[in-house]
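Number of protein chains: 2
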Amino acid sequence: MAVDMKVDKKKRSRIPFIGEGCWQGVEKKVYKSDSSDFKNIHRKVLLGKETPSTPIELRYFEIDPGGYSSLEKHEHTHTVIICRGEGKAIVGEEVLDAKSGDVFFVAPHESHQFIQQGEEPLGFYCIVNKDRDRPRLLSEEEKERLKNHVNFID
Amino acid sequence: MAVDMKVDKKKRSRIPFIGEGCWQGVEKKVYKSDSSDFKNIHRKVLLGKETPSTPIELRYFEIDPGGYSSLEKHEHTHTVIICRGEGKAIVGEEVLDAKSGDVFFVAPHESHQFIQQGEEPLGFYCIVNKDRDRPRLLSEEEKERLKNHVNFID
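Keeping their order, the protein sequence lines are chains G and D. 86 is the number of the first residue of the first sequence in my numbering; add one for each residue after it. 86 is the number of the first residue of the second sequence in my numbering; add one for each residue after it.
So here's chain G without its partners, still in its complex pose (with noise of 0.2 Å):
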């Protein structure tokens, strides 16, 4: 494992949350610039590029009432911890409650989105490695396969 321990030294060893999805220091992102087929959500990266010596990425997610993330695959996996509100996950072909608690796994190349549901924001942390491809929508057909099992994607 490679690691630049100078470059490490601004690292923040404790992180300190402060309530309603949110964690002292850290600021809200967009949640992407070059796509638009998702709503209501914005992102904010707890872990990251700034750490050098970090094999992953950890960002925070939060979809509010009315929202959705991308649908959208790539070979890269996700682990996904709920820690806030109530939702819908498509996995593949599975349409899955999510809520608080729960933990989500997507496999490299599975289709998958984020739902929220009800009055809270639907928050949840997402692991990815750090070196990664990047993610691409589903073409028409594919979304036309997943409407078979799928009553969520428009």
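FYI, nobody ran anything at the bench for these hints, they're computed from the structure. Keep in mind that the hints are not guaranteed to be accurate.
Copies of the same chain are indistinguishable here, so a pair counts whether it falls within one copy or spans any two.
Calculated lysine to aspartate or glutamate pairs in the DMTMM-like style (CA-CA distance at most 20 Å, straight line) [as the list claims (entries may be wrong)]:
#1 Lys96 x Glu179
#2 Lys124 x Asp149
#3 Lys215 x Glu160
#4 Lys158 x Asp218
#5 Lys184 x Glu105
#6 Lys184 x Glu171
#7 Lys96 x Asp182
#8 Lys96 x Glu178
#9 Lys96 x Glu160
#10 Lys228 x Glu178
#11 Lys215 x Glu142
#12 Lys158 x Glu179
#13 Lys173 x Glu204
Given the coordinates of chain G, work out where chain D should sit on it, guided by the hints.
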């Protein structure tokens, strides 16, 4: 990224949380079998060896009242998310408050230990690379040095 899709067919897309630090189909394991410098702690593996395509392992640790994890160090990094209770975390030469929602990062070769406080168990997720080195306990000399800063270790 080398993945074995065939073997992954048994993977669980969702691991449902059933409350009080428990997930459906996930059994409690002993914390460690090769050392004894810990107390009142157990672990659960939420994602790991049984899922060939994951590059990480997601473990859940829970420390009951009066307990603590090993004081140890290793090259691989820890990303820790506290999700239950409160206590202290020793990371490097700092003693930090730990409460639900806080995120901790343990860099390569940093000494670390988690200590439960209060009435509720201290529960936390810990993310590590699947491919990693073995932890080692601190030497007496290292413990002595740490005692100048930290008064939690015996």
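Hint check:
1. Lys96 x Glu179: For Lys96 and Glu179, the Cα distance is within 20 Å only across copies (13 Å; inside one copy 39 Å).
2. Lys124 x Asp149: Within. Shortest intra-copy distance 8 Å satisfies the 20 Å Cα cut-off; inter-copy 41 Å does not.
3. Lys215 x Glu160: Answer is both; intra-copy 13 Å and inter-copy 17 Å each pass.
4. Lys158 x Asp218: within (10 Å within a copy, 31 Å between copies)
5. Lys184 x Glu105: both (16 Å within a copy, 14 Å between copies)
6. Lys184 x Glu171: Only inside one copy: Lys184 and Glu171 sit 4 Å apart there, 23 Å across copies, limit 20 Å.
7. Lys96 x Asp182: between (36 Å within a copy, 17 Å between copies)
8. Lys96 x Glu178: between (40 Å within a copy, 14 Å between copies)
9. Lys96 x Glu160: This pair counts as between: shortest inter-copy Cα distance 16 Å, intra-copy 29 Å.
10. Lys228 x Glu178: So Lys228 and Glu178 pass the 20 Å test inside one copy only (11 Å; across, 52 Å).
11. Lys215 x Glu142: Both: 5 Å inside a chain and 15 Å across chains, each within 20 Å.
12. Lys158 x Glu179: within (14 Å within a copy, 41 Å between copies)
13. Lys173 x Glu204: within (14 Å within a copy, 34 Å between copies)
No hint from the list above goes unmet by this structure.
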